[in-house]
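Engineer: If you want the building blocks of each chain, they are given just below.
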Amino acid sequence: MTEDSKTPLLDQLEEGPWPSFVTEMKRAGEKNEMAKDLLHQLEKSYKNKIGYWKHGGIVGVRGYGGGVIGRYTELPEEFPAIAEFHTFRVNHPSGWFYTTDKLRQLCDVWDKHGSGLTNMHGATGDIILLGAPTDALQPCFDDLAEIDFDLGGSGSDMRTPSCCVGPGRCEFACVDTLDLLHDITNEFQDELHRPMFPYKSKIKISGCANDCVASVARSDFSVIGTWRDEIRMDPDEVANYADGNMDIQAEVVDLCPTGCIKWEAETKTLTIDNGECNRCMHCINLMPKALRPGKDQGATILVGGKAPIVHGALMAWVIVPFMKMEPPYDDFKDFIRTAWEWWDENGKMRERIGELINRLGMRAFLKAMDLPPVPQMISAPRANPYYFWDPEEVK
Amino acid sequence: MTEDSKTPLLDQLEEGPWPSFVTEMKRAGEKNEMAKDLLHQLEKSYKNKIGYWKHGGIVGVRGYGGGVIGRYTELPEEFPAIAEFHTFRVNHPSGWFYTTDKLRQLCDVWDKHGSGLTNMHGATGDIILLGAPTDALQPCFDDLAEIDFDLGGSGSDMRTPSCCVGPGRCEFACVDTLDLLHDITNEFQDELHRPMFPYKSKIKISGCANDCVASVARSDFSVIGTWRDEIRMDPDEVANYADGNMDIQAEVVDLCPTGCIKWEAETKTLTIDNGECNRCMHCINLMPKALRPGKDQGATILVGGKAPIVHGALMAWVIVPFMKMEPPYDDFKDFIRTAWEWWDENGKMRERIGELINRLGMRAFLKAMDLPPVPQMISAPRANPYYFWDPEEVK
Amino acid sequence: MTRTDFGPPNYKEMLPPVIKENYGKWKYHERVKPGVLLHVGESGDELYTVRVGSGRLVSTDWIRDICGIAEKFCGGHLRFTSRHNLEFLVSEKEKLEPLIAHLKEEGYAVGGTGHSISNPVHTQGWIHCHTPATDASGIVKAVMDDLFEYFTDWKMPAHCRVSLACCLNMCGAVHCSDIAILGIHRKPPTIDHDIVRSKCEIPNVIAACPTGAIRPDPKAKSLTVTDEKCMYCGNCYTMCPGMPVADPVGDGISIWVGGKISSARTPPKFSRLAIPFLPNNPPRWPEVTDAVRNILETWASHANKHERMGEWIERVGWERFFSLTGIPFSVQLIDDFTLASDTYRSTPAFKW
Amino acid sequence: MTRTDFGPPNYKEMLPPVIKENYGKWKYHERVKPGVLLHVGESGDELYTVRVGSGRLVSTDWIRDICGIAEKFCGGHLRFTSRHNLEFLVSEKEKLEPLIAHLKEEGYAVGGTGHSISNPVHTQGWIHCHTPATDASGIVKAVMDDLFEYFTDWKMPAHCRVSLACCLNMCGAVHCSDIAILGIHRKPPTIDHDIVRSKCEIPNVIAACPTGAIRPDPKAKSLTVTDEKCMYCGNCYTMCPGMPVADPVGDGISIWVGGKISSARTPPKFSRLAIPFLPNNPPRWPEVTDAVRNILETWASHANKHERMGEWIERVGWERFFSLTGIPFSVQLIDDFTLASDTYRSTPAFKW
Amino acid sequence: MPMIDLDGVQLEVDEDGFIENPDEWSEKLAAAIAKTEEVEELSEDHWKIVNYLRDYYKKFGIAPMIRKLCKETGYDLKTIYEMFPSGPAKGACKIAGLPKPTGCV
Amino acid sequence: MPMIDLDGVQLEVDEDGFIENPDEWSEKLAAAIAKTEEVEELSEDHWKIVNYLRDYYKKFGIAPMIRKLCKETGYDLKTIYEMFPSGPAKGACKIAGLPKPTGCV
Ligand code: SRM
Ligand code: SRM
Ligand code: SRM
Ligand code: SRM
Ligand code: SF4
Ligand code: SF4
Ligand code: SF4
Ligand code: SF4
Ligand code: SF4
Ligand code: SF4
Ligand code: SF4
Ligand code: SF4
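Protein chains in written order, with our numbering: chain A, 1 to 395; chain B, 1001 to 1395; chain C, 2001 to 2352; chain D, 3001 to 3352; chain E, 4001 to 4105; chain F, 5001 to 5105.
Okay, chain A solo, but in the shape it has when bound (with noise of 0.2 Å):
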């Protein structure tokens, strides 16, 4: 094969038993130009160790202001199929479940007009589909949305929310996730498709304190599912799992964080002081067929996760210690709704909604939200002594 020879470093990608982007990229390549310039010009950076795309780019579809990621090559007359190479964002239905018949028809639409190449999926959640050309945008979405493939977001925006397979397929869901994220992406199409505010905003929704989206760091509202009553037990299955290999004292009882487990070997009796218990579902996750979280379900809402730019990596905090989450969401919408209301009266511009509560403080947060302090939110309360007072409370 000649067409092997122009890519001897990233050939050597092929190799090994791990699935190989490269081969990828040459399938598409084979019937797309745009894949083969994209190879080449990957086999180039490989080569000199350096990018070669230009800086940004705005395009877009007709009525929406996101959704679309312009990108041009710098190096146009060497890979003239890439010269325009924009992707789209397109917003996969929750928990990423799909019908094969679904599937097919997107990979038809994107053959038809793009690259051929696709990310399932994007970091954060989106399907991407990764190159077409300008003058192919509208004509793609408008394909797309025959098939019922919405765009997600992108710029200052509400970004596509994602969750957890959820009641899908995992016992431990306190949330129905895949339908509370359904409908909410439903509720904020327009905050979705139309940047508005100072900067990106993410929702992921996890059903309990695994966190299998990894909401606490990347998203600024992070939905995680909890209970407020007893986790529930089966003390037939608890035994089964002290018969099998399992040493219960050494892997869950000395494990438990807040130390409220007792085993009493002898008897094969798991206690659980539930008062003390925080809900960390280590013992949960051991034990799948003995321990279930408890009945009284709900949500943790935590507020202000994000990557470090600019003021550092922040994780989200608890804001709403329990909510309980049914639908139609309401109460969740309207906390939503108020945040970024507040964010947008204050915020400034690239500024996430944490870095605003870290700017402006807490109390500020809490007060726009009428929400009572509660120590649930705190790890530890401050350790200065620099706090305000209220002239009024000073009398």
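Keep in mind that the hints were calculated from the coordinates and are not lab data.
Hints may contain errors.
With a straight-line cut-off of 27 Å between C-alpha atoms, the simulated DSS-like cross-links for lysine-lysine are [unchecked claim]: (1) E:4028 to A:200; (2) D:3012 to B:1333; (3) D:3221 to B:1348; (4) A:102 to C:2033; (5) A:262 to A:289; (6) A:289 to C:2199; (7) C:2155 to C:2187; (8) E:4048 to C:2199; (9) E:4058 to E:4048.
Since we're looking at a predicted model, the values are computed, not measured.
With chain A held as given, fit chains B, C, D, E and F with the ligands onto it using these hints.
Structural biologist: Relative to the frame of chain A, chains B, C, D, E and F with the ligands by itself:
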């Protein structure tokens, strides 16, 4: 007593089992007008919930820039005897050991010139002679010099250093705290008496990690004794503790922070994995008869501790994990001098050395001190990706 | 007029029948073997999941391939995971082993469940982004080839999440990963004043600099950068095409360790810097794969069961992490950003 | 010419003979009973220490009194501790009980060793300082009268250090105490512009404000304070007499908990705000004594043996600290200063 | 280099159609750019927004945030999208001759 | 209010002897204050320091830090204490008519 009726509030503080400072003030007041006026001004403060001292005051003795705190009452007409009421900070002997002769001499001098009231001792460690008029300052100091009591620090100088009782009465001491203190106090007389720095600078010395002078919290330079080899153990005495009423497993082993101790109850054998011990002192504290610090002794030097003004309180940070501490303590003195030099050169007005390190970065400080970075300096590496490179390194 | 704002496909139409029937009524799960999960509903229904590693950057043909498999074994249903793996959902037990056999035959990578490493979350790199300091897919491929045994097998004491981001924007959200691979620049921006003048919103660029290294230069209608204050984050470039930071010599990789997300046992933790720089060495980045393997194996051989990287390090101490891994401690590891003082050690209790 | 720079008296001349002989050669100690320590040298020599509480603010006559006692029982030697207690050093065992009996007779407070509370480190307050928000000696007296049983007895699971500072300068170094009593102001400074103009170094005053609440007012040759940004630290007043912050209504007490200094078991910890304000209520500050007792006793009844306040709180969680003590949680407790974000909770794992 | 035709004169624009040289902007040019953004005619309402953007940019050196734009011009976002189908950033700013926004509009 | 006598004119000073009204300062007054600080005669060396302090204060509104004072006047601290026995803050600044230093001199 008609006198009493003038201080109805303070009189209430003569009741109760704890020693009463009011009684002391009255005792002094019986022979001294200053003490009497002080008592009455204090009564007024108790009534009106506010102090009556004027701001600041700069007074002193010949040749020194510090050592006396100037103070004037706002109510000189009402309390003429304390119109001028300055305090001496008198440098205490290492470990606050006294002969009664020495103390009696001090009392005589103070009765002659001042209020007859003292603090034994001030929070920094000085003997505080509480209140004398301006004119009495020089004569009083002259008399103090006569009995070999020199002044301590105040203002932007080295403050009176202090140390724990150490080898004087403690088997844990890994440093001769008393001697080191005496030696450096004499070495740095100029720095103690003639303010020359951006702000105050404190040195405190503890013989072990129990840190009985709280050096880590309240000194710019905290010296804490430690060792590098193995905890010395007397197995028989271990057994004796076990035979006594100590639950070695629960009280010692389970509380060892590194989990490096093992206890075999049957054989009464204690084993310490010294490589994993962090020398926290807990086990030694509990079984002083059985366990002792190792023999290869020296000190860890921590830098930067201070109270909250201006940027929040700091605890001192490990800068030298281990330094041998033997007379004439040249390494230590060089260390202090180099650090002061860097601070003095770079510090802003009223910036403590810890704040300066925070402002310019540990990197700059370590470079100035010519010290290699080691993991012992940190509790965890950085979590943000904002770090610098010397352009020389990037080639 | 184009339809807009109709939202994503409804997930309900995407679910296989067994899920529809047992939706929200799963009772428990078992880890059958690496790559295979069994979920059992309160109804008694069983659902087997077979997890397959994905390179994420895939062609439409690959999608059609997996659709074919799902049609053959799973009634035409499949899903992807939050870490971009592919999952086949098998409701008929008898199809499980044939599916697995088929997958192996076709060279698919089955694994990634339980105490194995999963797919590294990653980003665009040189494929499609304008700010990368390295590639994404290539390093992931090299690392996973090297660690493949840890994907297909349960050889670790606990979860280990490896992630990659190609610049400080951290689209891979690597900041809470057990092992994070992060592209970094090491040279300040080179400024093209003509571009700055005509194309950049100067006040926004200035505000974008975390360290205040950028100042306006009103005379030149441009700006200046104080190089000593610049730590090469590239945020100015994000705001302004006239300030590129990428550079073949300056750019490379940093390695971070000990982050986690789940609240199991301990709260989530940030990843922390372990290796400040490794060179970009395409196509197989051997320095990076070696470093990751060293860290992973040191942890795997020392940690207790169920003890994540960060939990292990906190138990033994960072000083021990460095001595056990043999990674040299460098001054870049000592924090000097906003919360720096919280990371300094204020106790003489440490290990030698 | 006055002698200068001759330094403090030489400690060697102050040591009793038994110490000189066993200097650096102590072998072990025992806690004989509350207030009494026994140190045994390698030589076999014994040294008993009897610790006596001191009000710290004492007259020369008191010093002469204790000198008298030391002469009678201790060969004319005594020392003070780092927490301002008095220690009688008894080298002749037969003098021990007579000394104790004498001390009790004379009303001295023997105690403060081992698992008891010791003397609260404290400061000047209204006695001698210009910035206090409360008195020092008076509150200490009231608190110690109330907690006296904990001084003379071993009724606590571990050490408990109570400290007091009368303003944010924290001369009592309360920031690492098990229980800290801290005077606070709650009103911004009232500015006397004449004084500011003639007596203050304005740039230094501005630099002194931690929150940037002070701006120059070049026209008036003075400065202005943005009240909403002021948190009443009083640092401006330290720099400038024209900006007093003390106020009978605004001033009062805050209570902080969970700090420690020693590295035993855990590294040192900062004290953290538990009660943002209690009124100044001289002469016995009942709100303060109640609060301190409540905290102390809640801890003492719930903590494990050897578990300091902060260790206990970290084990059970701050949410439990507040529910067990019944202290209401107020918004002031939530940090909003430099390191604030490190104190927010980033996990759904907490207790109700 | 892509070009845009203004009464027969070719002006340089970047790939996204933003003019390369802000000094070349004119009302006529605006109208020409508008056509590329599916704005057939620049009405008074359009001009209100374009002028607001230009004024704001002149004053602050940046494009305004959307909330500000809506508040100060009185059009809600929906209306703005009706007027500029490609949105305020890609559409309105381009027509107004502003640099390509990296921020928020 | 305490007073200091300057050729028979009484000027207000505070309890520490710092002049209340900085505008009243004069070289003569300086000499008068000097006497209260055990500086019998203001030599050229003294004036060098006093003038440095005044200039610095006029420029920056604060007294200089000691290190600066020593560096820029060329006198080491020991010499300064020899010249001003009560030290730079209490002695030299007072004579120079500066506000009572809260900082460092
Ligand atoms: C495509 C994607 C990476 C991927 O390969 O998967 C991506 C790609 C870009 N991200 Fe991202 N981000 C992507 C998920 C993320 C995530 C992860 C997440 O959303 O869970 C984060 C971290 C979480 C967060 O939001 O904080 C993330 C944090 C950033 C940041 C830093 C934001 C911050 O506040 O710290 C930037 C910089 C910016 O916004 O200017 C950024 C910017 C960018 C830009 C637009 C580059 C730029 O500077 O303008 C990248 C475009 C690349 C391209 O040409 O395609 N991207 N970005 C991800 C979106 C795919 C999708 O929609 O599914
Ligand atoms: C007398 C004493 C309190 C006592 O009753 O014991 C004291 C009294 C004052 N201290 Fe202090 N400090 C005293 C030990 C401390 C300590 C404790 C220590 O040294 O171990 C600290 C905390 C440790 C530290 O240095 O950080 C301390 C931290 C402060 C601060 C805050 C410094 C900071 O950087 O945060 C100030 C404010 C200042 O310097 O302007 C201050 C200022 C003051 C001033 C000078 C008031 C002022 O604003 O100018 C007080 C004079 C009171 C008076 O009129 O007598 N004092 N001061 C202590 C000195 C006695 C002695 O020499 O033995
Ligand atoms: C499929 C997926 C959810 C989804 O919607 O896609 C998922 C599914 C399950 N997770 Fe997860 N987790 C998934 C991403 C995550 C993530 C997010 C991430 O990695 O970015 C996390 C947080 C990681 C972290 O903490 O850094 C996550 C932390 C957990 C944990 C907590 C582990 C711990 O001890 O810290 C459990 C509990 C366990 O494994 O015992 C868990 C448990 C589970 C269970 C057992 C839940 C259940 O009953 O079904 C599922 C099978 C796990 C397995 O792989 O063995 N899942 N899980 C995700 C699979 C990703 C992948 O392809 O590897
Ligand atoms: C006399 C004194 C040193 C001095 O030079 O004056 C001293 C003396 C001893 N300390 Fe201390 N400590 C003294 C202040 C301190 C301080 C400083 C402070 O409180 O400001 C601390 C740090 C407090 C903290 O951590 O917040 C301190 C933390 C300790 C500890 C660690 C306790 C812990 O578990 O955290 C020990 C070990 C122990 O008690 O088992 C200890 C142990 C000891 C021993 C047993 C050491 C020995 O072998 O002699 C001494 C008798 C203790 C006792 O009271 O039962 N000493 N000790 C100080 C007495 C102060 C007082 O009057 O109460
Ligand atoms: S977050 Fe919880 S509910 Fe969701 S998939 Fe993970 S374990 Fe299940
Ligand atoms: S959920 Fe966590 S805290 Fe609760 S009992 Fe289980 S292991 Fe313990
Ligand atoms: S710090 Fe250590 S050596 Fe010093 S008195 Fe305390 S226990 Fe003894
Ligand atoms: S000194 Fe501390 S760490 Fe070392 S063995 Fe004893 S208890 Fe454990
Ligand atoms: S991490 Fe940086 S380089 Fe990589 S895709 Fe995100 S923005 Fe682009
Ligand atoms: S690269 Fe980052 S630190 Fe450097 S100038 Fe640009 S924004 Fe500032
Ligand atoms: S704490 Fe404040 S008020 Fe109390 S003595 Fe120190 S400076 Fe004065
Ligand atoms: S009291 Fe403190 S916060 Fe308020 S103005 Fe003064 S220095 Fe600033």
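Engineer: All hints, please: hold or fail.
Structural biologist: Here is how each hint holds up against the structure:
no. : hint             : verdict
1   : E:4028 to A:200  : violated, 35 Å
2   : D:3012 to B:1333 : holds, 22 Å
3   : D:3221 to B:1348 : holds, 23 Å
4   : A:102 to C:2033  : violated, 30 Å
5   : A:262 to A:289   : holds, 18 Å
6   : A:289 to C:2199  : violated, 61 Å
7   : C:2155 to C:2187 : violated, 40 Å
8   : E:4048 to C:2199 : holds, 23 Å
9   : E:4058 to E:4048 : holds, 15 Å
Checked against the numbered hints given earlier, this structure breaks hints 1, 4, 6 and 7; the rest are met.
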